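Chemist: As you go down the protein sequences, you meet chains X and H in turn.
Numbering of the first sequence is given in the numbering used here, commencing with residue 1 and proceeding in unit increments.
Numbering of the second sequence is given in the numbering used here, commencing with residue 132 and proceeding in unit increments.
Honestly, the hints are just simulated from the structure, not real lab data.
Be careful, since some hints might not be right.
Cβ pair distances, simulated, as ranges [claimed, not checked]: (1) H:K152 with X:T33: 34 to 40 Å; (2) X:S28 with H:G202: 33 to 39 Å; (3) X:F98 with H:K223: 40 to 46 Å; (4) X:T33 with H:T164: 29 to 35 Å; (5) H:K223 with X:F31: 23 to 29 Å; (6) H:L161 with X:P104: 21 to 27 Å; (7) X:S106 with H:G156: 20 to 26 Å; (8) X:K117 with H:S189: 34 to 40 Å; (9) X:S28 with H:N179: 17 to 23 Å; (10) X:P45 with H:G217: 17 to 23 Å; (11) X:P62 with H:E146: 23 to 29 Å; (12) H:K152 with X:E68: 31 to 37 Å.
As the structure is a computational prediction, the values presented were derived from the model and not from experiment.
By construction, the Cβ of each residue, glycine as well, lies at the ideal position given by its N, Cα and C atoms.
Protein chains: 2
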Amino acid sequence: MKINHIAIAVHDVEESAKVYKEALGSDSILFETVPSEGVKIAIIPLENCTVELMQPTSKSSPIKKFLEKRGPGLHHIALETPDIDGEVERMKGCGVQFLGSVRPGSAGTRVTFIHPKSLHGVLAELCSTSS
Amino acid sequence: MKINHIAIAVHDVEESAKVYKEALGSDSILFETVPSEGVKIAIIPLENCTVELMQPTSKSSPIKKFLEKRGPGLHHIALETPDIDGEVERMKGCGVQFLGSVRPGSAGTRVTFIHPKSLHGVLAELCSTSS
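Modelling step: build the complete structure from the supplied sequences, incorporating the hints.
Modeler: Here it is in structure tokens:
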């Protein structure tokens with residue numbers, strides 16, 4: 001199990017991407033819009049994982065609600081595993097609760113989310129290793 | 132630049148460590164008390180970084196205030212660099228603001244913190260690569 005990315009909620013992904021790119025000394029940023037999730041994302045690569053800035057693109061987006069309640073900041077972490085189905089089974093056996101079943105994510109991955117109450121307040125994505 | 136650890140504020144580090152150890156399938160946890168920072172920490176190793184659970188041990192701890200305001204959850208991320216002095220200089224040149232100067236951290240590292248207003252709401256530790 002390793003960290004795949006750290007996701008941060010922001011009001012303006014283009015403006016935040018400039019700030020992060022400069023601060024982190026990164027030389028590349030990838031932008032991606034995910035209409036089904038109601039977000040526009042900036043992906044900033046670090047050596048061992050990525051930082052993802054997320055801006056809501058619809059009023060019903062959970063990121064929109066997060067920003068209204070807490071303001072911009074750390075939103076979730078993503079844990080990567082080569083065997084997502086096996087991990088979900090193992091975790092369920094430990095009493096871990098999930099938000100929805102395993103479903104298609106970006107770049108050919110499969111994803112699900114661990115309920116924050118199972119990780120003492122932390123929302124965690126579980127994603128499969130990209131093939 | 133890479134992620135060194137993800138820090139999570141919790142009420143009871145021993146109880147949370149059990150939950151995280153089981154959920155993440157980790158077979159080792161290291162506990163550390165840092166009286167100068169007013170925290171007790173559980174360090175859970177992942178493949179490419181660590182998860183650190185932090186419980187306040189004094190009433191004046193910033194973690195105590197964080198928990199009272201927001202409850203348990205993601206507190207900060209730590210970025211590791213082999214040249215912390217050079218990075219601080221470079222970042223200051225980009226207008227990044229710091230919370231205090233570079234000072235001794237745990238395990239022989241040197242650390243400082245980037246002000247959340249310089250990273251759109253995210254508190255980030257900057258730490259030197261352990262020698």
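Chemist: Please go over all the hints and tell whether each is borne out by the structure.
Modeler: Hints, verified against the model:
Checked against the hint of 34 to 40 Å, the C-beta distance between H:K152 and X:T33 comes to roughly 37 Å, which is consistent with it. A C-beta distance of roughly 36 Å is found between X:S28 and H:G202, which places it inside the suggested range of 33 to 39 Å. The hinted range of 40 to 46 Å is satisfied by X:F98 and H:K223, whose Cβ atoms lie roughly 43 Å apart. Hint check: X:T33 to H:T164, Cβ distance near 46 Å, so the stated range 29 to 35 Å is violated.
In this structure, H:K223 and X:F31 meet the distance hint of 23 to 29 Å, their C-beta atoms being roughly 28 Å apart. The supplied range of 21 to 27 Å is broken by H:L161 and X:P104, whose beta-carbon atoms lie about 37 Å from each other. Roughly 24 Å separates the CB atoms of X:S106 and H:G156, a value that falls within the hinted 20 to 26 Å. About 27 Å separates the C-beta atoms of X:K117 and H:S189, a value inconsistent with the hinted range of 34 to 40 Å.
Distance hint check: the CB atoms of X:S28 and H:N179 are about 20 Å apart, consistent with the given range 17 to 23 Å. About 20 Å separates the C-beta atoms of X:P45 and H:G217, a value consistent with the hinted range of 17 to 23 Å. The supplied range of 23 to 29 Å is met by X:P62 and H:E146, whose beta-carbon atoms lie about 28 Å from each other. Range check, H:K152 to X:E68: Cβ separation about 34 Å, and the 31 to 37 Å hint holds.
Of the numbered hints listed earlier, those contradicted by the structure are 4, 6 and 8.
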